[in-house]
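Chain E is fixed; fit chain H onto it per the hints.
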Amino acid sequence: EAGVTQFPSHSVIEKGQTVTLRCDPISGHDNLYWYRRVMGKEIKFLLHFVKESKQDESGMPNNRFLAERTGGTYSTLKVQPAELEDSGVYFCASSPKTGRSSYNEQFFGPGTRLTVL
Amino acid sequence: GEDVEQSLFLSVREGDSSVINCTYTDSSSTYLYWYKQEPGAGLQLLTYIFSNMDMKQDQRLTVLLNKKDKHLSLRIADTQTGDSAIYFCAEGIYNQGGKLIFGQGTELSVKP
Numbered sequence: 008e009a010g011v012t013q014f015p016s017h018s019v020i021e022k023g024q025t026v027t028l029r030c031d032p033i034s035g036h037d038n039l040y041w042y043r044r045v046m047g048k049e050i051k052f053l054l055h056f057v058k059e060s061k062q063d064e065s066g067m068p069n070n071r072f073l074a075e076r077t078g079g080t081y082s083t084l085k086v087q088p089a090e091l092e093d094s095g096v097y098f099c100a101s102s103p104k105t106g107r108s109s110y111n112e113q114f115f116g117p118g119t120r121l122t123v124l
Numbered sequence: 028g029e030d031v032e033q034s035l036f037l038s039v040r041e042g043d044s045s046v047i048n049c050t051y052t053d054s055s056s057t058y059l060y061w062y063k064q065e066p067g068a069g070l071q072l073l074t075y076i077f078s079n080m081d082m083k084q085d086q087r088l089t090v091l092l093n094k095k096d097k098h099l100s101l102r103i104a105d106t107q108t109g110d111s112a113i114y115f116c117a118e119g120i121y122n123q124g125g126k127l128i129f130g131q132g133t134e135l136s137v138k139p
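Residue numbers (my numbering), protein chains in the order written: chain E, 8 to 124; chain H, 28 to 139.
One chain only, chain E, in its complex shape (with noise of 0.2 Å):
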C-alpha cells in the first residue's frame, strides 16, 4: 500500500511568488492535516479536512495560505505571496476516521522542504 506522498520535495522561490503543495493521502483516509516545522522550532498544526471539509484551521497563520481537498482525496496548500518567514517544511499526514476521543495514527509523509528567497 502506497504511503502519504508530497510533492515537490523541494521549492525555492521569491519572495512575493506563489508556490502550491501538494498532498495525496493513503487511500481510504478521511482525516488529512497539514503541519509545519520552521527551522528547528516544534512541528505545528496548520489545519485538518475530514474527506473535503475543513474540521479545523485553526493552525492557518494568515489569508496568504490557502488549502483545498478537492473531492475528499488529494490536498493542496498554496501560499500566496510568500513570505521569508514561511521557508520550512510542510508535512501532510492522514488517518482513517476516528471517533473523538480514540488512537488516532497519523500517517505522514516526507514533507516539502520550501524556501523563500
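Be a bit skeptical, because a hint or two may be false.
Said to hold, decoys possible - Non-contacting residues of chain E with respect to chain H, defined by C-beta distances greater than 12 Å in every case (computed):
1) Ser18
2) Glu21
3) Gly47
4) Leu54
5) Tyr81
6) Asn111
What the hints assert, rightly or not - Pairs of lysine-lysine, DSS-like flavour, derived with a Cα cap of 25 Å:
7) H:Lys83 with H:Lys63
8) H:Lys97 with E:Lys51
9) E:Lys85 with E:Lys61
10) H:Lys63 with H:Lys138
11) H:Lys94 with E:Lys51
12) E:Lys48 with H:Lys97
13) H:Lys94 with E:Lys61
14) H:Lys63 with E:Lys51
What the hints assert, rightly or not - From the structure, some residues in chain H lie toward chain E, with a derived Cβ separation under 8 Å:
15) Pro66
16) Gly69
17) Leu73
18) Gly130
Calculated from the structure, these hints are not laboratory results.
Treat the numbers as computed from the prediction; the structure is a model and nothing was measured.
Note that the Cβ used here is the ideal one computed from N, Cα and C, for glycine as well.
Same frame as chain E, now just chain H:
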C-alpha cells in the same frame, strides 16, 4: 494553551541506553506519541501511550508517563547507530479532531 517541551540534543555511545524527555501541559485525557524522523524522511510512529497508563514496553523501547508531573520519557535500550534521528514527542488533544501538538524534537546522536 497546549505546549510540549523537549530538550534539543542528546549524544550517547553505541550500546548505552538513551533517555529522551518531554513535558506537556494539557490535562485532558489524551494519547501521547513518540515519532522518529530520519534524514530526508517523514515522521514514523514509534510508540504511543494512553494517558491513564504509567508504562509501556515494546522491544527496546520503554515509555514512562508521570501524569501528575505531565512528564513523558522514551528509553531506548542498547542504542545503535541506526537510532540516530530526531525524536518528536506529541500530544493528541481530546476532542479536537485528533490534531497533534509536537515538541521541538530531540536530535539523538549515537557515537560508535
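Comparing the hints with the structure gives:
no. : hint                  : verdict
1   : Ser18                 : 15 Å, holds
2   : Glu21                 : 25 Å, holds
3   : Gly47                 : 7 Å, violated
4   : Leu54                 : 9 Å, violated
5   : Tyr81                 : 16 Å, holds
6   : Asn111                : 4 Å, violated
7   : H:Lys83 with H:Lys63  : 17 Å, holds
8   : H:Lys97 with E:Lys51  : 20 Å, holds
9   : E:Lys85 with E:Lys61  : 15 Å, holds
10  : H:Lys63 with H:Lys138 : 18 Å, holds
11  : H:Lys94 with E:Lys51  : 23 Å, holds
12  : E:Lys48 with H:Lys97  : 21 Å, holds
13  : H:Lys94 with E:Lys61  : 32 Å, violated
14  : H:Lys63 with E:Lys51  : 16 Å, holds
15  : Pro66                 : 11 Å, violated
16  : Gly69                 : 4 Å, holds
17  : Leu73                 : 11 Å, violated
18  : Gly130                : 6 Å, holds
Hints 3, 4, 6, 13, 15 and 17 from the list above are not met by this structure, while the remaining hints are.
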